[in-house]
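*Asks:* Here are the chains, one letter per residue:
2 protein chains.
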Amino acid sequence: MERTDKIEKPDRPVRASRAPSRFDMILDSVRRLLRRGAISHLERMVNKMHPADVANVLHHVYTSQEKRTVFELVKVEGNKAQVLAEMDEGDLTEILADVSSTEIATLIQNLPDDDQAYILTTLPDERAQEVLRLMKPEESAEVKDLLKYEPQTAGAIMTGEYFALPANTTVQEAIRKLQSTDIGNIFYVYVTDKEEKLIGVLSLRQLLGSPDRTLGSMITKEVISVTPETDQEEVAKQVARYNLLAIPVVEKDGTLVGIITVDDIVDVMREEATEDMLKMSGTKIEEEDTFMTSSVLSAVRMRVPWLLTNLVGSMISGLILWTFRFTIQEVVALVTFIPVIAAMGGNVGLQSSTLVIRGLATGRIELSDVRKVFLREVSIGLIIGLLCGVVTLAVASVMHINLTLGLVVGMAMLCALVMSTTMATIMPVILKRYGVDPAVAAGPFVTTANDITGSAIYLGLATAFLSYLK
Amino acid sequence: MERTDKIEKPDRPVRASRAPSRFDMILDSVRRLLRRGAISHLERMVNKMHPADVANVLHHVYTSQEKRTVFELVKVEGNKAQVLAEMDEGDLTEILADVSSTEIATLIQNLPDDDQAYILTTLPDERAQEVLRLMKPEESAEVKDLLKYEPQTAGAIMTGEYFALPANTTVQEAIRKLQSTDIGNIFYVYVTDKEEKLIGVLSLRQLLGSPDRTLGSMITKEVISVTPETDQEEVAKQVARYNLLAIPVVEKDGTLVGIITVDDIVDVMREEATEDMLKMSGTKIEEEDTFMTSSVLSAVRMRVPWLLTNLVGSMISGLILWTFRFTIQEVVALVTFIPVIAAMGGNVGLQSSTLVIRGLATGRIELSDVRKVFLREVSIGLIIGLLCGVVTLAVASVMHINLTLGLVVGMAMLCALVMSTTMATIMPVILKRYGVDPAVAAGPFVTTANDITGSAIYLGLATAFLSYLK
Chain B
1 MERTDKIEKP DRPVRASRAP SRFDMILDSV RRLLRRGAIS HLERMVNKMH
51 PADVANVLHH VYTSQEKRTV FELVKVEGNK AQVLAEMDEG DLTEILADVS
101 STEIATLIQN LPDDDQAYIL TTLPDERAQE VLRLMKPEES AEVKDLLKYE
151 PQTAGAIMTG EYFALPANTT VQEAIRKLQS TDIGNIFYVY VTDKEEKLIG
201 VLSLRQLLGS PDRTLGSMIT KEVISVTPET DQEEVAKQVA RYNLLAIPVV
251 EKDGTLVGII TVDDIVDVMR EEATEDMLKM SGTKIEEEDT FMTSSVLSAV
301 RMRVPWLLTN LVGSMISGLI LWTFRFTIQE VVALVTFIPV IAAMGGNVGL
351 QSSTLVIRGL ATGRIELSDV RKVFLREVSI GLIIGLLCGV VTLAVASVMH
401 INLTLGLVVG MAMLCALVMS TTMATIMPVI LKRYGVDPAV AAGPFVTTAN
451 DITGSAIYLG LATAFLSYLK
Chain E
471 MERTDKIEKP DRPVRASRAP SRFDMILDSV RRLLRRGAIS HLERMVNKMH
521 PADVANVLHH VYTSQEKRTV FELVKVEGNK AQVLAEMDEG DLTEILADVS
571 STEIATLIQN LPDDDQAYIL TTLPDERAQE VLRLMKPEES AEVKDLLKYE
621 PQTAGAIMTG EYFALPANTT VQEAIRKLQS TDIGNIFYVY VTDKEEKLIG
671 VLSLRQLLGS PDRTLGSMIT KEVISVTPET DQEEVAKQVA RYNLLAIPVV
721 EKDGTLVGII TVDDIVDVMR EEATEDMLKM SGTKIEEEDT FMTSSVLSAV
771 RMRVPWLLTN LVGSMISGLI LWTFRFTIQE VVALVTFIPV IAAMGGNVGL
821 QSSTLVIRGL ATGRIELSDV RKVFLREVSI GLIIGLLCGV VTLAVASVMH
871 INLTLGLVVG MAMLCALVMS TTMATIMPVI LKRYGVDPAV AAGPFVTTAN
921 DITGSAIYLG LATAFLSYLK
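Taken in order, these protein sequences are the chains called B and E.
Each residue of the first sequence is one higher than the one before, starting from 1 at the first, in this note's numbering.
Each residue of the second sequence is one higher than the one before, starting from 471 at the first, in this note's numbering.
Just chain B, same shape as in the assembly (with noise of 0.2 Å):
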């Protein structure tokens, strides 16, 4: 037999380390450097730096003090405008609160104009507005035509470079444009027609055939595209789903408006998994840029809404409580449940709806898959149920001594547990049909939705069985 046959497959991914990583250490450097005022060494090692992560150094030096001290070391104009494109919006607004507009339009001029419009959406609007007649006409009137999208749509985040030509340039002359042109990231050459409409597109690789060929006679016809006003959620979806290097977006028209380029999307969808984990913790819309820059106050006021909501939420729980007091007193032994019930039914609750809001935000789920989910929910809320109940009612019947108890227990059990994913598995495609972000319905809401039911089942169970718990 030979020796390489055998295929190596671990039973369960191992991880890799987690020690400190290379970044960390270069920013206990420049933190030991700010500390020292080794300013002349601190600028040195800046500038050796990549763009990217000098903004991530600056993200996380303490004081704005620190930041603005680091970006003012970096010398040559190019990186320095690179640094602020990787910036997070947070960084971006203390950092530019001290340069002034003449300084920020020029550092921005030679920036393709998707990153242009970014650094300005995050300065206050009589500030962008100077910026923008400061800089070049030209220039200034493609950044406006981005920046009079919608925030987080296709139109918002795409750049107006991109590389088209008419279908009869031949390959030779394609070859030459794309020489002489100042674009940066060219993937696809869109071809056009007259109008600007896209007709379709090839890849650079399939450029270097027959140098003689008009790129009319190679592109591939059916172009995946989306429109200016298509969520960018949606167009993380396709840019995965088809494996694209960039998605050229399309007016209803078909006039071709600009593109995206998988680098961004890799972004977007980053934002997007962080949005919709903070939404399923109850955080309402606190960003990723914000994980440690926005204020304190700030962040209470994004996480106070929810709470408040789940406050009184949970005041009816105990409000169920206070209903039931007498059967509480009459077996105190019951208190030593509620808990065990209000939580599993939390937790079960919580595992089906993560499922359900994340395969419908990845599109494995689609709403059309809802009844099979539905029943393949509630068959496994069934099965963990008849599980723990029997457990509980183990446990209630031997601590209690008290086999009624018991019984109460684990029936109560059971019927709380089917009875969370149901509704944790209902919740998001209801929300979902009627618009709204699905991932708000998970965490907080499905817990104390939970609470209550779980509350309400195991109380009124114990007091129909009152007199055979005594």
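Warning: the hint list may mix true and false statements.
Computed cross-link-like contacts, DSBU-like style, restricted to lysine-lysine with a CA-CA straight-line distance of at most 30 Å [claimed, not checked]:
1) E:664 x E:647
2) B:75 x B:148
3) E:518 x B:197
4) E:842 x B:80
5) E:647 x B:470
6) B:252 x E:518
7) B:221 x E:842
Covered stretches of chain B, as calculated for chain E (at least 3 residues, CB under 8 Å) [said to hold, decoys possible]:
8) 33–46
9) 69–78
10) 95–104
11) 268–281
12) 325–335
13) 369–377
Since the hints were made in silico from the structure, they are not lab data.
No residue lacks a Cβ here, since even glycine has one placed at the ideal position from N, Cα and C.
Chain B is already provided as a structure; the job is to place chain E on it using the hints.
*Replies:* Structure of chain E alone, referenced to chain B:
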């Protein structure tokens, strides 16, 4: 004033409509045609679809039989192979169960090696061996190289098919080689020395410069790379941070062994985000692939470990209530706020831990930021605690006409919330330091921990002030 001068910046992003998607409509047609047995109609439809859409349809049709019917309708062999490459693990297992090893070997023949490796890992070991033996020796050798790496590392997701040339190649020669190679996605030209050590990289774009220069004179020498052992999450972070289209995988001695392209990174990012969300909801390793395809029983097996842990945890909460039963019996009004304090502690904790876990995963929070984040979250806990404390104080005092009760409830709320933000911030960090994925510290874990401390604080306080409460 110019009209175009006004930047429209809507306050809050408005989401595009969430009406049935284009894909949902495709799916409906397929299901209808399957039900009606309109196979020839279906065949025409399937063969006009993008392989990624076919794979997605396969995921959503109901039975294994239907999956196989649709799959067999794909007539072009290359497309059929593409469909396999785009399919989920669970779906692949179902489909391939019925396909002979010879056919699998023929089908996957012309796929890139990373796709071949992916498909083989979904087969049972003996079958994978059989398929490997049936493949051309040079093909199977390449795939075996990839299969020896641990899942979810750079080595396991890379492709050995990249475009590398020696430094003394001229641009003209490079372009000629590019025209004759059959490697699919080429974004960069890698330049290696005689021992296949990576010495530099240049983009396809740069190649179109002066034809007589050698590659060696044009390359960027500081190449961002990963080793085969690097965790895929870390690979994704690097690609996202530096906006790369592909990242080279290099052994510790500098030998280039493969590359990972950005389209695969997009999949990794989605997978990792899903994994984290499911972990945070306490579903151990139910992967994205298994949203709907895994059996109910295997789903139960994945969820039960955490649930049982939490069952024990919630029983500890229950025991605490039982311990304080005399207090509860004497002042039964106390039961009203048991769920309130437990739920709010859990919710606030969930918000903090989600923020920390996601920050650590995306690199927005580094381990060295911990003190800052900790102070921030605890301040937030304090403010929210004061707020909710005052509200519950008011409600409790008025409802039970008992100011002392109100004070006890309010104080307990404040302590519980500060405690819960503290624990929720520290736990993920400690886990990460010890190499455990911090995502497991959220959801049920935090909720249960806070249930316990919340109940203990509340009833402890109540017992201490019992004489004033009555």
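*Asks:* Which hints from the list above does the structure break, by number from lowest to highest?
*Replies:* 2, 5, 7, 8, 9, 10
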